[in-house]
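Given chain A, work out where chain B should sit, using these hints.
There are 2 protein chains.
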Amino acid sequence: MAKPSTGPLTGFPEWLPHQRMVEQDLTDRIRRRYELHGYVPVETRSVEPLDILTKKGATDKEIYVLRRLHAEDDADSGLGLHFDLTVPFARYVAQHRADLTFPFKRYQIQRVWRGERPQEGRYREFYQCDADVIGMNNLPVWWDVEMTMLMREVLDDLPIPAVAIQVNNRKILEGFYRALGIADYPRTLRIMDKIDKIGTKGVLAELSADGTLTDAQAAGCLDLANISGSGLDVLSRIEALGYTHPLLQEGLSELELILRETASLPAGQVVANLRIARGLDYYTGTVYEGVMSGFEKLGSVCSGGRYDNLASVGKDKLPGIGVSIGLSRILGLLFKQGALTSSRKSPACVLVALATEETRSEARAVAATLRARGIATEVFDRPLKWGDQIKYADAKGIPYVWFPAGGERAEHEVRDLRSRAQAGADPTTWAPDESVLRPVIVRAES
Amino acid sequence: MAKPSTGPLTGFPEWLPHQRMVEQDLTDRIRRRYELHGYVPVETRSVEPLDILTKKGATDKEIYVLRRLHAEDDADSGLGLHFDLTVPFARYVAQHRADLTFPFKRYQIQRVWRGERPQEGRYREFYQCDADVIGMNNLPVWWDVEMTMLMREVLDDLPIPAVAIQVNNRKILEGFYRALGIADYPRTLRIMDKIDKIGTKGVLAELSADGTLTDAQAAGCLDLANISGSGLDVLSRIEALGYTHPLLQEGLSELELILRETASLPAGQVVANLRIARGLDYYTGTVYEGVMSGFEKLGSVCSGGRYDNLASVGKDKLPGIGVSIGLSRILGLLFKQGALTSSRKSPACVLVALATEETRSEARAVAATLRARGIATEVFDRPLKWGDQIKYADAKGIPYVWFPAGGERAEHEVRDLRSRAQAGADPTTWAPDESVLRPVIVRAES
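Protein chains in written order, with the numbering used here: chain A, 1 to 446; chain B, 447 to 892.
Among the hints, a few may not be true.
What the hints assert, rightly or not - Derived lysine-lysine pairs resembling DSS-like cross-links, with alpha carbons at most 27 Å apart:
{"#": "1", "chain 1": "A", "residue 1": "Lys391", "chain 2": "B", "residue 2": "Lys763"}
{"#": "2", "chain 1": "B", "residue 1": "Lys643", "chain 2": "A", "residue 2": "Lys385"}
{"#": "3", "chain 1": "A", "residue 1": "Lys391", "chain 2": "B", "residue 2": "Lys761"}
{"#": "4", "chain 1": "B", "residue 1": "Lys831", "chain 2": "A", "residue 2": "Lys317"}
{"#": "5", "chain 1": "A", "residue 1": "Lys197", "chain 2": "A", "residue 2": "Lys336"}
{"#": "6", "chain 1": "A", "residue 1": "Lys385", "chain 2": "B", "residue 2": "Lys763"}
{"#": "7", "chain 1": "A", "residue 1": "Lys194", "chain 2": "A", "residue 2": "Lys297"}
{"#": "8", "chain 1": "B", "residue 1": "Lys640", "chain 2": "B", "residue 2": "Lys743"}
{"#": "9", "chain 1": "B", "residue 1": "Lys743", "chain 2": "B", "residue 2": "Lys647"}
{"#": "10", "chain 1": "A", "residue 1": "Lys315", "chain 2": "B", "residue 2": "Lys831"}
{"#": "11", "chain 1": "B", "residue 1": "Lys643", "chain 2": "B", "residue 2": "Lys743"}
{"#": "12", "chain 1": "B", "residue 1": "Lys782", "chain 2": "B", "residue 2": "Lys643"}
{"#": "13", "chain 1": "B", "residue 1": "Lys837", "chain 2": "A", "residue 2": "Lys317"}
{"#": "14", "chain 1": "A", "residue 1": "Lys315", "chain 2": "B", "residue 2": "Lys647"}
These are computed hints drawn from the structure, not numbers from a lab.
Predicted model only: the values in this text are computed from it and were never measured.
This is chain A alone, in the form it adopts within the complex:
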């Protein structure tokens, strides 16, 4: 029999336990922050019918299709793994609308899958941590501000390098392109979205290919893309380019609201960047992308935007806006640098040592007493020499080893492995240093 393949799979990251402890801590912080704002938890099934997944032209997302191994005719199930959490959420809201109260605010922390070519910071399976709000027929533009502030709060609460939120508005892009006389907006948008990958020259060449855009039109697109900044002067710089269109004006006023309402934040936290386009087709207004300080070249670590036409039910429209934190990408980048870790490799605070097989009940009783008091405790599983048991605790970073009373030991004793001090203790009253009761996340200074 061939040896099964036990190695890693490119694009499917897997963390070591102390890294998973970091991931859990960050997930808990994100969840807590979303809940403080009243977002309810939702999870959707991992699969959607293919027509749902391909409806919004997400053709470049490389969907994974499922087939049952024992299906008789090699037939597809017609189901694919979701490539984001927005499309499934829009479907969820349409399906369950009778049971929901609008505007409906939910957060969703789940894995998504994309069969893209793996590269640094780009995975085939990864976590997204989304918050979205969907209205019934109407979702005031104020949500664009709320969502910006929410993303800001979540990011500021994470022990990671600073993330700058870059904002743009699809209405500005579409209005501006139309004012330039460009007929094919989606094509132009798709090309402009690649500007950071293929550069100015590449974009100009693609825009003008087959004479679709005149040189002046292509140059106009680039003029717009080169505008960025955090002040309201960004707006006048766009207007100074001299084009007008109702959609452009609408987009400018939406962007203005966000810039004005976030003006009191420290510089650089929310920045207008007219080259942000986002790859997904469903966005219709505000779009976001966040880049992490020191990792700017590796793409966005959070993103989102407004989608007014993604879902509808009969005559009712379901406009929405949301943000997504790319948790796996953030962690992958930081783990690679050793920039984020856990203070120890185990949740356990105490290891109860085992003297002999005959005293196992006493050791287990001590552990049960400590656990009942909220102190995570394990019992060593065989009566090895003390040194070997202490070595195990040391290897996992467990701060205390407990030696139960019995034999020549008149009372319980506990050893602090940090100071090597050992003293008598009573399991019903002893308490560890508060600072080591639980593992904590440690951020390495760079």
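For chain B alone, kept in the frame of chain A given last:
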């Protein structure tokens, strides 16, 4: 364009927000309990190479195979979604052994997929909540006791009907069958595993089909399967059947240890049941199945066992034992009966009402102050009539509505929607009733 399919998918359950809040609460409890025992969190990728998944003869598990939608040659990726968390965990330990400390204890709460025919309590995508320990070459039999007690503690901590843990031992079954002179142990085990589905008659017919087992052998298998009970007398009843085999004796002594050490628990919490076999091939010793009071006919809600030969590295064996809580099945059964719900449909404790567009900043400032003090708060998104805003809070079960100072209102006021009492309040000091600060899980009395 055809209308996309927005309906439910059989076998892929999806909960409403207040149900997801229950699921989260139960997940948190399970996680906390595992961590109290020193189990570290691990997640594995959702996919494994097919040779890993099919290695242990899990042919009846209906694996889902992945294919990229745009793969040029319709080729499979060679990857399948995992059907349990034990096989991926054994692979994980073998792969990462250099970074782990043994015995290695981990818990894992993740979705798994099985392309089986969906039926009540049986899904194609569902959560399992596993805890396992894997040793390097050696894992003392005491872990079988620890694991039983851990599963007991976890179950007792959940707001669900009583679950009886039924224990058996594969060594007893194999030793007994061999003592009966039966050559094909795996086949006999597979047939006996179906006893609750096809009944005594069906089992007898299958066992004797084509003359593979004599009537006496088949009757012997049934005699064993009919033994159950929580006392140590179970062991003497097995011995009274008059068969001996070294493996049988070994299994009996392992089962004896579990029964002896759990004897102090209330009656019925841990019960020997000699008809428990488990469908998965990898178990080698102790096996568990738990059935929930009132839902006995709908199969096990937790399971597990010992697997001494699932993984190895070179000459090193990696014996393990684990338990798994079938969270989705438990919730599916209880939700259907309305037996478990959340006290409200939102994490929010306060809704800040919006008087006019002009006072939005004040409303947002109140919300920010409350959130900074740990009180989950949302702001209504448009200045509707008070009644409409209160209706929204009522629909979501948000207990308080806050009316900011301003206009004719000299000071902030907060209304308790339960008592309809309204009084002045200061956002820097006001506190909600502790009992409604957060949603709580409510178990309906049956």
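* Quick check: which numbered hints come out false for this structure? -> The structure breaks hints 2, 14; every other hint is satisfied.
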